[in-house]
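One line per chain: the protein sequences are U and V, in this order. FYI, in the UniProt record's numbering the residues of the first sequence are 1 to 268. FYI, in the UniProt record's numbering the residues of the second sequence are 1 to 234.
Calculated from the structure, these hints are not laboratory results. For every residue, glycine included, the Cβ atom is placed at its ideal position computed from N, Cα and C. Be aware that one or more of the hints could be misleading.
Some residues of chain U that are not near chain V, with every Cβ distance over 10 Å (derived) [stated by the list, open to error]:
id, residue
1, R148
2, E159
3, N222
Here are the in silico distance ranges between beta carbons for each label pair [what the hints assert, rightly or not]:
id, chain 1, residue 1, chain 2, residue 2, range
4, U, R79, V, A221, 53 to 61 Å
5, V, A221, U, G197, 31 to 39 Å
6, U, R94, V, L27, 34 to 42 Å
7, V, W224, U, D183, 48 to 56 Å
8, U, V86, V, T62, 47 to 55 Å
9, V, N219, U, G113, 51 to 59 Å
10, U, N256, V, R227, 54 to 62 Å
11, U, G201, V, L18, 50 to 58 Å
12, U, G109, V, P73, 20 to 28 Å
13, U, A200, V, L69, 38 to 46 Å
Just so you have them, the derived chain U footprint on chain V, three or more residues with Cβ under 8 Å [said to hold, decoys possible]:
id, segment
14, 39-48
15, 189-203
Residues per chain are reported as follows:
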Amino acid sequence: MIHRILALATAVTLGTAVLAEEMKLAVTTSFENSGLADVLLPAIKEDLGLDVQLLVVGTGQALRLGQAGDVDAILVHSRTAEEAFVAEGYGTHRREIMYNDFVFIGPAGDPAGIAVAGSAAEALQRISAAEPAFVSRGDESGTHKKERALWAEAGLSPETFGAWYREVGAGMGASLNTAAGLDAYILADRASWLNFGNPAGLALLYSGAPALFNQYAFLAVNPERHSHVRHDLAVQLEGWLTSRRAADLINGYTINGETLFIFNAGPE
Amino acid sequence: MNDIYDGLLSAFWLVVTLDADLLEISLRSLQVSLTALVIASAIALPLGTLLAIRRFRYRRLTISLLNALMGLPPVVVGLLVYILLSRSGPLGVLGLLFTPTAMIIAQVIIITPLIASITHQAMRELWAEYHDLLISLNTSGWQRIRTLIWDGRRNLLTASLAGFGRAIGEVGAIMIVGGNIDNATRVLTTAIALETGKGDFALALALGFVLIALAIGINVAIHWLSRTEREGRW
Numbered sequence: 001m002i003h004r005i006l007a008l009a010t011a012v013t014l015g016t017a018v019l020a021e022e023m024k025l026a027v028t029t030s031f032e033n034s035g036l037a038d039v040l041l042p043a044i045k046e047d048l049g050l051d052v053q054l055l056v057v058g059t060g061q062a063l064r065l066g067q068a069g070d071v072d073a074i075l076v077h078s079r080t081a082e083e084a085f086v087a088e089g090y091g092t093h094r095r096e097i098m099y100n101d102f103v104f105i106g107p108a109g110d111p112a113g114i115a116v117a118g119s120a121a122e123a124l125q126r127i128s129a130a131e132p133a134f135v136s137r138g139d140e141s142g143t144h145k146k147e148r149a150l151w152a153e154a155g156l157s158p159e160t161f162g163a164w165y166r167e168v169g170a171g172m173g174a175s176l177n178t179a180a181g182l183d184a185y186i187l188a189d190r191a192s193w194l195n196f197g198n199p200a201g202l203a204l205l206y207s208g209a210p211a212l213f214n215q216y217a218f219l220a221v222n223p224e225r226h227s228h229v230r231h232d233l234a235v236q237l238e239g240w241l242t243s244r245r246a247a248d249l250i251n252g253y254t255i256n257g258e259t260l261f262i263f264n265a266g267p268e
Numbered sequence: 001m002n003d004i005y006d007g008l009l010s011a012f013w014l015v016v017t018l019d020a021d022l023l024e025i026s027l028r029s030l031q032v033s034l035t036a037l038v039i040a041s042a043i044a045l046p047l048g049t050l051l052a053i054r055r056f057r058y059r060r061l062t063i064s065l066l067n068a069l070m071g072l073p074p075v076v077v078g079l080l081v082y083i084l085l086s087r088s089g090p091l092g093v094l095g096l097l098f099t100p101t102a103m104i105i106a107q108v109i110i111i112t113p114l115i116a117s118i119t120h121q122a123m124r125e126l127w128a129e130y131h132d133l134l135i136s137l138n139t140s141g142w143q144r145i146r147t148l149i150w151d152g153r154r155n156l157l158t159a160s161l162a163g164f165g166r167a168i169g170e171v172g173a174i175m176i177v178g179g180n181i182d183n184a185t186r187v188l189t190t191a192i193a194l195e196t197g198k199g200d201f202a203l204a205l206a207l208g209f210v211l212i213a214l215a216i217g218i219n220v221a222i223h224w225l226s227r228t229e230r231e232g233r234w
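Just chain V, with the same shape it has in the complex (with noise of 0.2 Å):
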């Protein structure tokens, strides 16, 4: 219990005296997750929303093959990404291995299937209440997929927050395509593991208090922004 209150009083000064390092990793921290998370969007909201209105052959599986990739282990994305751009690998002339960017690919490539399945779910609601309508007036598949997305904005917000709680959260793919470079790649995850790794736990702890607060901080200004919950709409 005293490492917890130890960590409580750091994370205090840590964010009081506005920490040099601490303000770097944690705007890098965000960097790397928001961009992951505006890519992730921009793939999987389309996708989910397409999946919920457009019948084909093989919907059922792909579903199911989207709802399994909910639960990829972020360790093996890790290492599939870094075989993919280690220098010896297929990707290795761009040079992008231990780099931010490498950061965001694998954090892309684990939050979109999740962003998508949520966004599938809440769509294929909407379509049902839409169905009908949609259809009698005529409209074309990429009309009624932006109908969906705007009119189903609140559900898809809730799938794009979920996207990036894991992405800002995530430690073990960006641990190996990272590797956790001073002033380059460290992020605030890989600095809790690697101050824990030190047996420094207070200051762990307090990192992991900064991390909470950050996450719940982008939640609140996202919803303050998107004026939900206010002057009588849902």
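The shape of chain U in the complex, shown without the other chains (with noise of 0.2 Å):
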């Protein structure tokens, strides 16, 4: 019995190991959500031979993972904390690759009037006045990061709002899920709204004010913090993803006939 059981536990176990240039690239859940990585790696792949290992997680997260060298490159959406980053060492500097857009998601209905409003903020003035649910990501993402900023753009602060305004702590797809449960208001990057599989009784309601854009930018871990990091490999990467072909996936990327992503990389 023993024997039988071992030998069939060896034949499972025995992995093969894969031999290819291979990084780690820590990027945002709205990034993974819109499919976009789906275009590029295979693109990446092709080009440069190399095998992009995507960590989905939020911005925070991949800011942590950064620092602890646990990746050799992030791909996020916060200009503040991305800042900090390169600042404090971390990385060896910021490069903005892309832009997308936040848009606010509500109840097909509308209860608070957002659909009307002139800009974000007074948007967001609308949903406090009104105080229907509100579901706010609450894990440090960069959207969350975004959410904050518009309110205090507002005038207004969470800390002090009821229990209308939830934060769930979780992903974009997640918060997605529960706000759809709740029929709730969320702020979401469009990209994640166009792939979102589940909306229920949700709808698209305002978006395309300025204060609403959402620029990723690209940050090679510093090798002189991690010698182990490989720096080689995510310049390579940093060069695919602001060169001409990567312009072409990214701007002619489009779900449901709606371009998701528009290329702004400068020259360095």
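Work from the hints to combine the two standalone chains into their complex.
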């Protein structure tokens, strides 16, 4: 009996090692949920022969992974946190790659009437006046930080809100699921929303204001801090992400005919 | 209810068409959990037996601790293993974080107390039965452990299968230490969490049904291989 079980176990446990060039890149959930990675990664593999392993986490955790040297580079969207990351010497520099935008999602009936708001700040003021259920990411992600910045811009502070303001502490998709269940308002990035499979009674209510633009930047982890990181591969990847080929793929990526990302990497 | 039906349907098609991704993550799930099971059993079976036959000062405390550790929250184990294996942690030089090895380490920690506790329970009763015989034959400690393990193998199989069940269905720890990297550390449970996050309930459920089927399959296969419940044996 023992021999047979052992034989079975050995047969299954013998894994095969892969010997391609690989690097680890921490990205935000919103980037992964957009589906753009499925277009870019095969092209990177084809052009550079490089296996990019994605760690899909919130911006807060992505920055932590970079600080600890557990990844070779990060691709996130929270400018102040990124600049602090570089200033503290964890990253070599910050390179802007592309942007997409945030949108306000809410119950299709729009009880707070944000669809006719003149600005993002006014939309939030209307929500806080009507006090419908509002779901916040609450996970220190780029989207969460953006949401708090918008509340501050509207002259409001979420700490003073009542039970209608719910911090779920989850990723974009999970938060959208919660909002769908509660028929609540939520701030989401457009890509995640268009790719979201369970919209239930929710609809896109407000978008397009300049305050809602969402800049993604690439930061290579500083090899002086962590000598083991594959800085050479991170530099290669940065070169590719800012190339003409990446621009065409990023600008050409659409869901239901809608462009999601706009390439805006400048020359170094 | 519609979602469940869709889930069953897509599970059916995923399996029938032998979807390459599904095959890969299922095999990785098996690879990680079975390796963890083999290592954990190698530690826990002798340990549980030893606790049953050896009398020592802090025996009761050790057993209580072991029982309490059965309920170890996987997410805490994951966090601890993550901190240990992180490049900035004490074992960072090994470069094991975000590899299947890290996932195996976490699962071994989670299931070893469970297997050891169940082993101890089963062995205690068997030891009461064998005590006089093994003492009168003047056997050594190691011989006693071997005899008990061999004669109690059916019970130990249950202990190991309970450990396997906990390992294959576990998501909290391996999500943290594995990172759910596509083609590297993605397994069935982390894929289910990912698809749920995307709102793709049908695919998530389909993967869930595959996971359940896999767990049942492994259990049946092991029982069949070890010929329990056959030919007049118990």
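Comparing the hints with the structure gives:
1. R148: 22 Å, holds
2. E159: Fine: 27 Å to the nearest Cβ keeps E159 (chain U) off the interface.
3. N222: At roughly 13 Å from the nearest Cβ of chain V, N222 (chain U) sits farther out than 10 Å, so the non-interface label holds.
4. U:R79 <-> V:A221: 53 to 61 Å: This hint holds: roughly 54 Å between Cβ atoms.
5. V:A221 <-> U:G197: 31 to 39 Å: Since the Cβ atoms of A221 (chain V) and G197 (chain U) sit about 35 Å apart, the hinted range of 31 to 39 Å holds.
6. U:R94 <-> V:L27: 34 to 42 Å: 40 Å, holds
7. V:W224 <-> U:D183: 48 to 56 Å: Hint holds: Cβ distance 50 Å, inside 48 to 56 Å.
8. U:V86 <-> V:T62: 47 to 55 Å: 51 Å, holds
9. V:N219 <-> U:G113: 51 to 59 Å: Given range 51 to 59 Å: holds, Cβ gap about 57 Å.
10. U:N256 <-> V:R227: 54 to 62 Å: 57 Å Cβ-Cβ, so the 54 to 62 Å window holds.
11. U:G201 <-> V:L18: 50 to 58 Å: 38 Å, violated
12. U:G109 <-> V:P73: 20 to 28 Å: 41 Å, violated
13. U:A200 <-> V:L69: 38 to 46 Å: With a Cβ separation near 41 Å, A200 (chain U) and L69 (chain V) satisfy 38 to 46 Å, so the hint holds.
14. 39-48: Violated: only 0 residues of the segment 39-48 of chain V have a Cβ under 8 Å from chain U.
15. 189-203: holds (count 7)
The earlier numbered hints that this structure contradicts are 11, 12 and 14.
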